[in-house]
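Participant: Residue numbers (the numbering used here), protein chains in the order written: chain U, 1 to 380; chain L, 381 to 691.
Hints listed in this document are in silico derivations from the structure and should not be mistaken for laboratory results.
Ideal Cβ placement from N, Cα and C applies to all residues, glycine included.
A hint or two may mislead.
These stretches of chain L come out as covered by chain U in the derived footprint (C-beta under 8 angstroms, 3 or more residues) [as the list claims (entries may be wrong)]:
1) 398-412
2) 421-430
3) 463-474
DSSO-like cross-link-like pairs, simulated, lysine-lysine; straight-line CA separation at most 30 angstroms [as the list claims (entries may be wrong)]:
4) L:K530 x L:K596
5) L:K490 x U:K17
6) L:K511 x U:K3
7) U:K3 x L:K518
8) L:K641 x L:K596
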Amino acid sequence: MFKTVFRYSLLTTYRQKAVLFWSLAFPLVMSIFFFFAFGNIGAFAKFTEPIKVAYVAPQTRNPFYNLRQILSDIPMSEGSEARLFELQEVKEEEARELVNTNQVTAAVLDLDPPVLLADKVSIKQVVVKQVVEQIHATKTTLTSLAKQQPAAALQTMGQGLNTAEYTRKIPINEGRMGEDILYYFALLAMVSLGACSAGAMVIISQQANKSQEGARVSITPANKWLRVAAAGLASYLVQLVLSLTILAFLTLVLKKIPLDIVPYLSLLISVGTLTGFLMGMAIACMVNGSMNVILSVTTSAYLFSSFLSGLMSHYVQRLVDTKVAWLSAINPGSMMVKSMYSMFYYQKANHSYLLHMLIACLLFSILVVLTLRRRYHDSI
Amino acid sequence: MIKMNGVIKRYGNLVALNQFDLNVEDGQIYGLLGPNGSGKSTAINSMLALLSIEKGEIKLFGQRITPTSYAIKRNIGLVPQEVAVLEDLNVQENVDYFCGLYVSDYRERKRLVDAAIAFTDLDKFRKFLPKKLSGGLKRRLNIACGIAHKPSLLILDEPTVAVDPQSRNAILEGIKALNQQGTTVLYTSHYMEEVEQICTTITIMDKGKGLLTGTKEELKASVNLGDQVDIRLINHKAEDMDTIRSLPYVVKAELVEDHLKLEMARGESRLASLFHVLERQGIGMAEMSVRQPTLNDVFLEVTGKELRDHV
Numbered sequence: 001m002f003k004t005v006f007r008y009s010l011l012t013t014y015r016q017k018a019v020l021f022w023s024l025a026f027p028l029v030m031s032i033f034f035f036f037a038f039g040n041i042g043a044f045a046k047f048t049e050p051i052k053v054a055y056v057a058p059q060t061r062n063p064f065y066n067l068r069q070i071l072s073d074i075p076m077s078e079g080s081e082a083r084l085f086e087l088q089e090v091k092e093e094e095a096r097e098l099v100n101t102n103q104v105t106a107a108v109l110d111l112d113p114p115v116l117l118a119d120k121v122s123i124k125q126v127v128v129k130q131v132v133e134q135i136h137a138t139k140t141t142l143t144s145l146a147k148q149q150p151a152a153a154l155q156t157m158g159q160g161l162n163t164a165e166y167t168r169k170i171p172i173n174e175g176r177m178g179e180d181i182l183y184y185f186a187l188l189a190m191v192s193l194g195a196c197s198a199g200a201m202v203i204i205s206q207q208a209n210k211s212q213e214g215a216r217v218s219i220t221p222a223n224k225w226l227r228v229a230a231a232g233l234a235s236y237l238v239q240l241v242l243s244l245t246i247l248a249f250l251t252l253v254l255k256k257i258p259l260d261i262v263p264y265l266s267l268l269i270s271v272g273t274l275t276g277f278l279m280g281m282a283i284a285c286m287v288n289g290s291m292n293v294i295l296s297v298t299t300s301a302y303l304f305s306s307f308l309s310g311l312m313s314h315y316v317q318r319l320v321d322t323k324v325a326w327l328s329a330i331n332p333g334s335m336m337v338k339s340m341y342s343m344f345y346y347q348k349a350n351h352s353y354l355l356h357m358l359i360a361c362l363l364f365s366i367l368v369v370l371t372l373r374r375r376y377h378d379s380i
Numbered sequence: 381m382i383k384m385n386g387v388i389k390r391y392g393n394l395v396a397l398n399q400f401d402l403n404v405e406d407g408q409i410y411g412l413l414g415p416n417g418s419g420k421s422t423a424i425n426s427m428l429a430l431l432s433i434e435k436g437e438i439k440l441f442g443q444r445i446t447p448t449s450y451a452i453k454r455n456i457g458l459v460p461q462e463v464a465v466l467e468d469l470n471v472q473e474n475v476d477y478f479c480g481l482y483v484s485d486y487r488e489r490k491r492l493v494d495a496a497i498a499f500t501d502l503d504k505f506r507k508f509l510p511k512k513l514s515g516g517l518k519r520r521l522n523i524a525c526g527i528a529h530k531p532s533l534l535i536l537d538e539p540t541v542a543v544d545p546q547s548r549n550a551i552l553e554g555i556k557a558l559n560q561q562g563t564t565v566l567y568t569s570h571y572m573e574e575v576e577q578i579c580t581t582i583t584i585m586d587k588g589k590g591l592l593t594g595t596k597e598e599l600k601a602s603v604n605l606g607d608q609v610d611i612r613l614i615n616h617k618a619e620d621m622d623t624i625r626s627l628p629y630v631v632k633a634e635l636v637e638d639h640l641k642l643e644m645a646r647g648e649s650r651l652a653s654l655f656h657v658l659e660r661q662g663i664g665m666a667e668m669s670v671r672q673p674t675l676n677d678v679f680l681e682v683t684g685k686e687l688r689d690h691v
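If we strip away everything but chain L, and leave its shape as in the complex, we get (with noise of 0.2 angstroms):
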């Protein structure tokens, strides 16, 4: 449905996007993650042929797209990450003038108004002008513009910014449920927990360039990233760490007060091991916790720690 291939595109010295390559299919909740000012507003801009691109071909729906792709576009609904509404329409016809844009018989709009506004729970606030909305329900607005006409792609750059977690939930269910009436979806995000929750299939990227593609499982097992283990422990001495650093499954280990915090590398029966030479050394345990490798871990090593947008 999207293919980008090499494509390239500066803003003077910066290189916006880097041979970057995208295959979105058929039926997909595509994830597209990266930091603030990897490329990915320019990847969605450039498939939506607003900006021109260097080098590289993209077609949607199999066909090149340019500014003139009629044809394309009435396929396509965007939900923009600013929320692009007309201040002076009231939410009705705020969706109504946008779906008029793709539709122009009056009672399938009517109809596509009425199922966009239902979709998003916006019955209630029919009349109310967008500066009387709070903000999760001016995201919501945002949304029902751009999936009034039915599209049969969605792009959707980080719909849920600013949104509390009942909205937040609202709207990535209601992306489930248009994913499942048909509609594949592009999602960007820089929340991690939301991308797992509904992609399929994930790209991350950084400095224009796509990093790592595949399952969310595809993604955690292409890094070498253990399990996250903590443990209360009972009767320990300082010669103990040793012991345990030198286990060949232990990544790291360090111990902050009574906990024993570990990175142990993926494997099994490790645990089982680590209980047995904590026993031998005569050391108890209070409690326990595991904690399995995120895609948050898998980002923060793929894209690396440091702070962004900074000045």
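So here's chain U without its partners, still in its complex pose (with noise of 0.2 angstroms):
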């Protein structure tokens, strides 16, 4: 019997066409327009002329966080002489008057967040933007991994993050990792937290109360245990290989990926989509309603987490991380972030995502266990 529902959900998974779509198709393609958007991020090479920016210092500085340097030594391109900004320290009315005169570009105050003044909106304020959000995107993320990974925090400031490396590549990584690759994590993420549905399904699938098909399969002699077992391993195992499959797409043909962090790499995404398939069985069992209703919650629960992590905005992730820093860590998909970001900013892989991970699996199993064992269906 676990032979049979196994086989049969293997087919069934992945003959789905919505689960090749997302699961794959979707991740593929948007890894090309990655590709080809942003590859070449941080040249700026069109500019011929330094754009004029105003800087308004802090009251105190922080003497490892250096805004007026890090901007001060972002070459205009790579390996060029010639800086990008030409920075002007000044007072704020005197910053506000340069830029309502048009002689700078815009003109940053060095708060927390830092504050962008512009008096109209063309690429060159764009840059400036881009270039200070990063910045501070960086050191926020920064700042929350030196608290899970100190050591590491340390040596990394040690190495002298106050250089305009800060934008476009970490040094302990030596430039094999380009700044792009946090957009390939986010993708790895969102497609292994992605499995939340193909969880909810197996449970939709199998349980009585959930439908026609589940009602038939609860009254035949086949153990319930073992029919969600095989079930749920069959459907892991597709979304695992379509998540490895974008991996190995990334690495093999756009070569995005390094390949010493591919072994750790494969093992977060193994992990990771463990937990978001988990998280889905764990909805499913616990929502009373149709299929439509509880793939809704378990889509919204997957948008949400994916949200509140930062794959959908760096701002709400720094967000979270400065205001509830709890939510952060209870987030299945801000352990998955933080985990594949650690090993772009760190050189060592941060295990304390990796545990957080298995811990969120051992706690949805657990809300399985516990919902599953109910007997009888009386909502049916």
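Take each chain as given, in its own frame, and dock them per the hints.
Facilitator: Written as structure tokens, this is what we have:
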């Protein structure tokens, strides 16, 4: 019976067009889009003249973080002596005056978060905004990660973060990873967590009060735990293979992932996919309703988790990390994202996030077992 | 084979089964009739241990059934009201999947699957996905998935809903054939003529209660329904109706244009007596039909004629 359920669950999962689209085709298309859209991110070669920027210093300076220095050190293009920004340190009133009279492209107020003053929007203002935001995002992420891995953070800071590299690449990775790798990490994280829909479908297909098929298999002599285990294993394996296919595509075709981090990344994807999968199973067990209701709740939870972890906006990640850190700590999306980002920012992988994901898996499994133990389905 | 004694099942304040009794014997095709919401599906779900019951006793094959009564479940086949198959598996895979939950041996399963597909005449559609099948074919697939493992008890919950007459006839013939091979069948339906055609014993239920049980002849005899007589009259006068209505065996009489519509108490020689009265009054008869009460009449008499499913 285990073999029968396993075999046919494999067949049904991989034959579902929605699964193949959202877990394979869509991420592949997105990765190709990222490849072309962000392939030369950080290259400012088109500017021949430096961008004039007014800089308003903070009242107290942070010894580990000097925004003025970082901005001043950014080269016009890779290896160029010329600098991208021509900085002018002034008082705030003077900065506003300079912006209003168009003597500078923009003014940067070195606050937390930094404030940008601009009178109009053109490509130059956009460049200043992107660079300042990126620097701040990196600073926030490093601060958050440093709480988990202080030793590595100190090492990183010791290697000189107050340079233009802050916005380009992390010295400890010796330039092996471009900053665009963060987009690919985000993509892999989203695909892994996206397994929650497959997890929900396993419960829907096996529980009598969730679907007609579930009612039908529930009156067979096949043990419920065996059925759920077989269907779950098959569906998880399909999701894992799809996620690893995307990793292989990014590594071997687009050559965006260094080969030496692939084993650990594969482990992260395996555990992340399992976390998402079990999250979907737990949600499906607890929600009483039709298949559409269950899938809607699961998708909402997935999107909310991704949103809070900053997969849709770095700003949200910063906000959650600083204002509601506990939410970030229990969010499977954040665990996945941070475990991957830490590979970019630090030489060593951060095992604490992996451990958090395994604990989340355990908790979701307990929820599934406790809910599935119900022997009757009075909501039929 | 199935015994339900004094079963009570509530959904909140709604009593779905109210002291419900059912006794299905070996070898029967047992019809469970009832309007929508009468408790038929609740009775089936309760006897399959999908629902918990508040009171009473349910025994299948002489044993109490629980969700883990795998030995009992091995002998049961269910054809649910909705087509419950996997949309991403083709006909053969679907039948093999459900059969595989009962039968582990590959060769034995292959034989059973082929037999079920042949029995439901789905041979030509083995490789078809359910979405490519017509409504009737889907219903047949639904049945094939329920019978492939050769159950000794087969429960069919309205298997012919939205099926064309040819497919319906094929399904009914198939059920009779299964019964002849030794399968006991519990059959629920709205369609009285189907139940009348195949069932040996029938229970009419409503509001969670069994109202009448017996063979179709016993059911017809147990309610006070007469023959329906329709006569087209020639040369009749309005006052003739008073004479006809005064006859002791005429339950109801009305004249619709030239047609005299009568409901007559059952009994021998009553038609002859009626003809004699008409002749004496000088009334001629152009044509006549007599219809005996059907199961449908019994059903409406027992469950009432008010519409169900109202909001």
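Participant: Work down the list of hints and note, for each, if the structure agrees.
Facilitator: Evaluation of the provided hints:
Counting residues of the region 398-412 of chain L whose C-beta sits closer than 8 angstroms to any C-beta of chain U gives 0, which falls short of three, so the coverage hint is violated. A stretch counts as covered by a chain when three or more of its residues have a beta carbon under 8 angstroms from one of that chain; for the region 421-430 of chain L and chain U the count is 4, and the coverage holds. Counting residues of the region 463-474 of chain L whose C-beta lies closer than 8 angstroms to any C-beta of chain U gives 7; at least three are required, and the coverage claim holds. Only pairs whose Cα atoms come within 30 angstroms are accepted, and K530 of chain L paired with K596 of chain L is accepted, the gap being roughly 28 angstroms.
For a cut-off of 30 angstroms, the pair hint linking K490 of chain L to K17 of chain U stands: about 29 angstroms separates their Cα positions. Taking the CA atoms of K511 of chain L and K3 of chain U, the gap is about 26 angstroms. The hint holds against a cut of 30 angstroms. For the hint linking K3 of chain U to K518 of chain L, the alpha-carbon distance of about 26 angstroms falls within 30 angstroms, and the restraint holds. The suggested pairing of K641 of chain L with K596 of chain L holds, with an alpha-carbon distance near 25 angstroms, which does not exceed 30 angstroms.
When the structure is compared with the earlier hints, a violation turns up for hint 1 alone.
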